[in-house]
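S.K.: Construct the complete structure from the given sequences, taking the supplied hints into account.
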Amino acid sequence: MATDQVIFKNVSFRYAEDQPWVLKNVSFSIKQDEWVAILGHNGSGKSTIAKLMNGLLFPDEGTIYVHGIEVTPDTVWDIREKVGMVFQNPDNQFVGTTVRDDVAFGLENRGVDREIMLNRIEESLKSVRMTDYLFHEPHRLSGGQKQRVAIAGVLAIQPDLIILDEATAMLDPRGRKEIMMTVNDLREETKVNLVSITHDLNEIVGADRVIVMNDGEIWLETVPRELFKQEESLREIGLDVPFTAKVTNRLKDTVDFDQQPLTQKELLDQLWIFHSKQ
Amino acid sequence: MDISFKAVSHTYQPNSPFEYRALKDLSFNIQSGQFVAIVGHTGSGKSTLIQHLNGLLKPTSGEVMIGGYRLKAGEKTANIKGLREKVGVVFQYPEHQLFEETIEKDIAFGPKNFGATEEEIQTRLPKVLEAVNLDAKLLDRSPFDLSGGQMRRVAIAGVLAMEPEVLVLDEPTAGLDPKGQQEVMDMFYRLHHEKGLTTILVTHSMEDALKYADHVIILEQGKKHLEGQPEEIFVQKERLKQVQLDVPEEIQFLMDLKTRLGISITYDKHSVDDLVREIKAQIGGGR
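Same order as they appear, the protein sequences are chains H and L.
Residues in the first sequence are numbered from 1 upward in steps of one, following the UniProt record's numbering.
Residues in the second sequence are numbered from 1 upward in steps of one, following the UniProt record's numbering.
Derived from the structure by calculation, the hints contain no laboratory data.
All of these numbers come straight from a predicted model, not from anything done at the bench.
Incorrect hints may have been included.
Beta-carbon label-pair distances, calculated as ranges [claimed, not checked]:
1. L:Glu-120 <-> H:Phe-257: 57 to 63 Å
2. H:Thr-97 <-> L:Asp-214: 44 to 50 Å
3. H:Phe-135 <-> L:Glu-19: 21 to 27 Å
4. L:Glu-101 <-> H:Arg-14: 36 to 42 Å
5. L:Glu-63 <-> H:Thr-97: 36 to 42 Å
6. H:Gly-206 <-> L:Ala-281: 31 to 37 Å
7. H:Phe-135 <-> L:Ala-281: 38 to 44 Å
8. H:Leu-118 <-> L:Lys-24: 37 to 43 Å
9. H:Thr-72 <-> L:Leu-56: 46 to 52 Å
10. L:Arg-190 <-> H:Leu-134: 37 to 43 Å
11. L:Thr-60 <-> H:Glu-236: 48 to 54 Å
12. L:Asp-268 <-> H:Phe-257: 23 to 29 Å
Capping the alpha-carbon separation at 25 Å, the derived lysine to any residue pairs in SDA-like fashion look like this [as the list claims (entries may be wrong)]:
13. L:Lys-237 <-> H:Asn-202
14. L:Lys-224 <-> L:Arg-21
15. H:Lys-246 <-> L:Leu-57
16. L:Lys-224 <-> L:Ser-9
17. L:Lys-211 <-> H:Lys-191
18. L:Lys-224 <-> L:Asn-79
19. L:Lys-269 <-> H:Pro-224
20. H:Lys-246 <-> L:Glu-207
21. H:Lys-177 <-> L:Tyr-93
22. H:Lys-252 <-> L:Arg-21
23. H:Lys-246 <-> L:Asp-274
24. L:Lys-224 <-> L:Val-243
25. H:Lys-252 <-> L:Lys-224
26. L:Lys-237 <-> H:Leu-268
27. L:Lys-179 <-> H:Arg-129
28. H:Lys-229 <-> L:Glu-183
29. L:Lys-179 <-> L:Val-247
30. L:Lys-258 <-> H:Asn-214
31. H:Lys-252 <-> L:Thr-259
32. L:Lys-179 <-> H:Pro-20
33. H:Lys-191 <-> H:Asp-208
34. L:Lys-81 <-> L:Leu-57
35. L:Lys-211 <-> H:Leu-268
36. H:Lys-246 <-> L:Lys-211
37. H:Lys-252 <-> L:Phe-91
38. L:Lys-211 <-> L:Tyr-93
39. H:Lys-252 <-> L:Lys-269
40. H:Lys-51 <-> H:Pro-224
Glycine included, every Cβ here is placed at the ideal spot set by N, Cα and C.
M.R.: Here it is, written out as structure tokens:
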């Protein structure tokens, strides 16, 4: 159990007693050092899972453990030491008047020493490549930069787990790319656990594992390569595979693929091999 | 309605320390019945441009013509209310603007404001409900009881109920899941053709611009960077790169197919099925 960072055990949740269940008997676990993507259509329950993970909500049935601690109203402050969260709207999560103050906020709340604080601010801004913006006003940054500062603010408190709750949904393509690069950097440079919540299958390519939600239930737990094969059934639950996967899936009766390509480059590599043998 | 921008500039808070030039000497023409995509990054001037289309903003220099309406600095536009009735704008996250007690009242708010009679509104209601695929049974419900996707449909129905001739769409699919995105875009595409609308789509999605538009304008820092048919614009990799835009996925794939495998397929709004059929025919093995 020591290696399981997050455990959901038969978790059910609804927002009010006369409302339908948002999550129905959901069980899964996330291992240390894993990046897990939680995927689903609007209203599938994926964001509710995020809110349950750091005690913004509590389950009506079942139990949740984060880093060995059960999430309850009594433990919520311990949990939030370990779980950092980045939300969808970049404009709703700033408190500081400069980038530096904003990243400092979480540290000040925890009474971290000034020396350590300065150090952590620098380190975390470096991780998201925003050191040049120390004294900029957050609201004047681009969407992608804002989200990177938000990620830095979370990194500074050194959580074990970072949840990105549709953190790219309101960004333009350039901002999205920035965030995906940042997340990939974090994967390589830190040991932090990542949970990313999205409905965009282009954003799960780098994840170790995917949990697909549908109408409050786990529909499938798999890896990105496997998921990309399931074009038809994904469409039935309101999701869509990337262009690369669509092309691949239609070429399968002609081309022998070693494995399902995740990127255009992988697809082209395999097509090149096939073509050169003809 | 034909739309033309002639050397339009717009400066916010001129002659103050906060002066900001959002549009710079912008000229273009949109013909009645065209589907035009306006593409650009945050800060490129897209939102400022949109607000000129129904007179929420006026140029600080130059002039905008929309049908017979003229917007010009220092000049009072005759009958601007008439312009706003003809140009329907679906702003970003339009569901945030819902406010009425019932869905019916919310949809009726716009047309009522422009003097439509109760009778007229009642004949328009079923049409717009059908267009956005909402059940008439919902009319008495509060719009706030609906899901996000349904709320957006109600907001769009409110714009359609004014029976505009020009439809301006500002990132209409933002925040929707893939199925919702496709449903909303297909709906606008259908309406565009059925009603002979002039449609202006502001989008970040190169893929949507390629798929739906017959004319594309790319903005960068308030200026026009490129303009033309999507098939011409979206192959100009270097020019797009200058403004940090990517070639649409499918076009990039076709380019790479050519350079790496020598397979030459010209982009022709293929469906994926058709595209793969062509690849099979050329790659060998598809006998």
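S.K.: Would you mind marking each hint as holding or not holding in the structure?
M.R.: Here is what the structure says about each hint:
no.	hint	in the structure
1	L:Glu-120 <-> H:Phe-257: 57 to 63 Å	59 Å, holds
2	H:Thr-97 <-> L:Asp-214: 44 to 50 Å	46 Å, holds
3	H:Phe-135 <-> L:Glu-19: 21 to 27 Å	23 Å, holds
4	L:Glu-101 <-> H:Arg-14: 36 to 42 Å	26 Å, violated
5	L:Glu-63 <-> H:Thr-97: 36 to 42 Å	41 Å, holds
6	H:Gly-206 <-> L:Ala-281: 31 to 37 Å	34 Å, holds
7	H:Phe-135 <-> L:Ala-281: 38 to 44 Å	59 Å, violated
8	H:Leu-118 <-> L:Lys-24: 37 to 43 Å	42 Å, holds
9	H:Thr-72 <-> L:Leu-56: 46 to 52 Å	51 Å, holds
10	L:Arg-190 <-> H:Leu-134: 37 to 43 Å	50 Å, violated
11	L:Thr-60 <-> H:Glu-236: 48 to 54 Å	52 Å, holds
12	L:Asp-268 <-> H:Phe-257: 23 to 29 Å	26 Å, holds
13	L:Lys-237 <-> H:Asn-202	21 Å, holds
14	L:Lys-224 <-> L:Arg-21	14 Å, holds
15	H:Lys-246 <-> L:Leu-57	43 Å, violated
16	L:Lys-224 <-> L:Ser-9	12 Å, holds
17	L:Lys-211 <-> H:Lys-191	41 Å, violated
18	L:Lys-224 <-> L:Asn-79	29 Å, violated
19	L:Lys-269 <-> H:Pro-224	28 Å, violated
20	H:Lys-246 <-> L:Glu-207	15 Å, holds
21	H:Lys-177 <-> L:Tyr-93	22 Å, holds
22	H:Lys-252 <-> L:Arg-21	53 Å, violated
23	H:Lys-246 <-> L:Asp-274	12 Å, holds
24	L:Lys-224 <-> L:Val-243	11 Å, holds
25	H:Lys-252 <-> L:Lys-224	43 Å, violated
26	L:Lys-237 <-> H:Leu-268	19 Å, holds
27	L:Lys-179 <-> H:Arg-129	34 Å, violated
28	H:Lys-229 <-> L:Glu-183	23 Å, holds
29	L:Lys-179 <-> L:Val-247	23 Å, holds
30	L:Lys-258 <-> H:Asn-214	40 Å, violated
31	H:Lys-252 <-> L:Thr-259	22 Å, holds
32	L:Lys-179 <-> H:Pro-20	22 Å, holds
33	H:Lys-191 <-> H:Asp-208	14 Å, holds
34	L:Lys-81 <-> L:Leu-57	14 Å, holds
35	L:Lys-211 <-> H:Leu-268	23 Å, holds
36	H:Lys-246 <-> L:Lys-211	16 Å, holds
37	H:Lys-252 <-> L:Phe-91	42 Å, violated
38	L:Lys-211 <-> L:Tyr-93	22 Å, holds
39	H:Lys-252 <-> L:Lys-269	22 Å, holds
40	H:Lys-51 <-> H:Pro-224	24 Å, holds
The structure fails to meet hints 4, 7, 10, 15, 17, 18, 19, 22, 25, 27, 30, 37 from the earlier list, while all remaining hints are met.
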